[in-house]
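*Asks:* Sequence:
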Amino acid sequence: QAGKAPNCRVGIAGARENCVAAKKAILELVKYHHTAITHPGWTHEEKDVPQEFFHCIIGRGGSEVKHIRGNFQVEVHLPREDSELDTVLVVGKQSNVDRAL
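For the sequence shown, position 98 (counting from the first letter as 1) is numbered 98 according to UniProt numbering, and the numbering increases by one without interruption.
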């Protein structure tokens, strides 16, 4: 399950080893928002940030998170109630992730 999307079944067909790889990639996409297959050269870093400080990352009207995303060319994912992770996730090329953090 991703976000507020309802649970649904997804069928994967093909050779067993390809199905295993596809399932792994899908689960990785849901959890980390990237895989080596879909985003070659990308990585992610997790940071523990108490929820009471999320507003500092988001900023007024989302201004801070937009600034981080635009200037450092990364994705920033804040955990929600239904998230698998409880950390802030920064995703992108390693050099950009390092600069953003």
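Bear in mind the hints are in silico, worked out from the structure with no lab data behind them.
Any given hint could be a false lead.
Here are the simulated DSS-like pairs of lysine-lysine, each with C-alpha atoms no more than 27 Å apart in a straight line [what the hints assert, rightly or not]:
hint	residue 1	residue 2
1	LYS93	LYS47
2	LYS31	LYS93
3	LYS66	LYS47
4	LYS66	LYS93
5	LYS24	LYS93
If you anchor each label on the Cβ, the simulated ranges turn out as follows [said to hold, decoys possible]:
hint	residue 1	residue 2	range
6	LEU101	LYS31	33 to 41 Å
7	GLU46	GLY70	41 to 49 Å
8	ILE58	ILE26	22 to 30 Å
9	ALA13	THR38	13 to 21 Å
10	HIS67	CYS19	40 to 48 Å
11	ALA21	HIS55	33 to 41 Å
12	GLN94	ARG16	14 to 22 Å
13	ILE37	ILE58	29 to 37 Å
14	ARG69	THR38	30 to 38 Å
15	GLY70	ASN18	18 to 26 Å
Quick caveat: nothing in here was measured; it's all calculated off a predicted structure.
By construction, the Cβ of each residue, glycine as well, lies at the ideal position given by its N, Cα and C atoms.
*Asks:* None of the hints should be skipped; say for each whether it holds.
*Replies:* A quick look at each hint next to the structure:
1. LYS93 to LYS47: Satisfied, since the Cα-Cα distance of roughly 16 Å is no more than 27 Å.
2. LYS31 to LYS93: Satisfied, since the Cα-Cα distance of roughly 17 Å is no more than 27 Å.
3. LYS66 to LYS47: With a Cα-Cα distance of about 18 Å, the restraint between LYS66 and LYS47 holds, given a limit of 27 Å.
4. LYS66 to LYS93: Measuring from Cα to Cα gives roughly 17 Å; hence the hint holds.
5. LYS24 to LYS93: Status holds; Cα separation ~21 Å.
6. LEU101 to LYS31: 33 to 41 Å: violated, 19 Å
7. GLU46 to GLY70: 41 to 49 Å: violated, 22 Å
8. ILE58 to ILE26: 22 to 30 Å: Since ILE58 and ILE26 have Cβ atoms about 28 Å apart, the given range 22 to 30 Å holds.
9. ALA13 to THR38: 13 to 21 Å: About 19 Å separates the Cβ atoms of ALA13 and THR38, which means 13 to 21 Å holds.
10. HIS67 to CYS19: 40 to 48 Å: Between HIS67 and CYS19, where Cβ atoms are some 41 Å apart, the hint holds.
11. ALA21 to HIS55: 33 to 41 Å: Roughly 40 Å apart at Cβ, these two residues keep to the hinted range, so it holds.
12. GLN94 to ARG16: 14 to 22 Å: The hinted range 14 to 22 Å is violated for GLN94 and ARG16, with Cβ atoms some 33 Å apart.
13. ILE37 to ILE58: 29 to 37 Å: holds, 30 Å
14. ARG69 to THR38: 30 to 38 Å: violated, 18 Å
15. GLY70 to ASN18: 18 to 26 Å: Since the Cβ atoms of GLY70 and ASN18 sit about 37 Å apart, the hinted range of 18 to 26 Å is violated.
When held up to the earlier numbered hints, the structure conflicts with 6, 7, 12, 14, 15 and fits the remainder.
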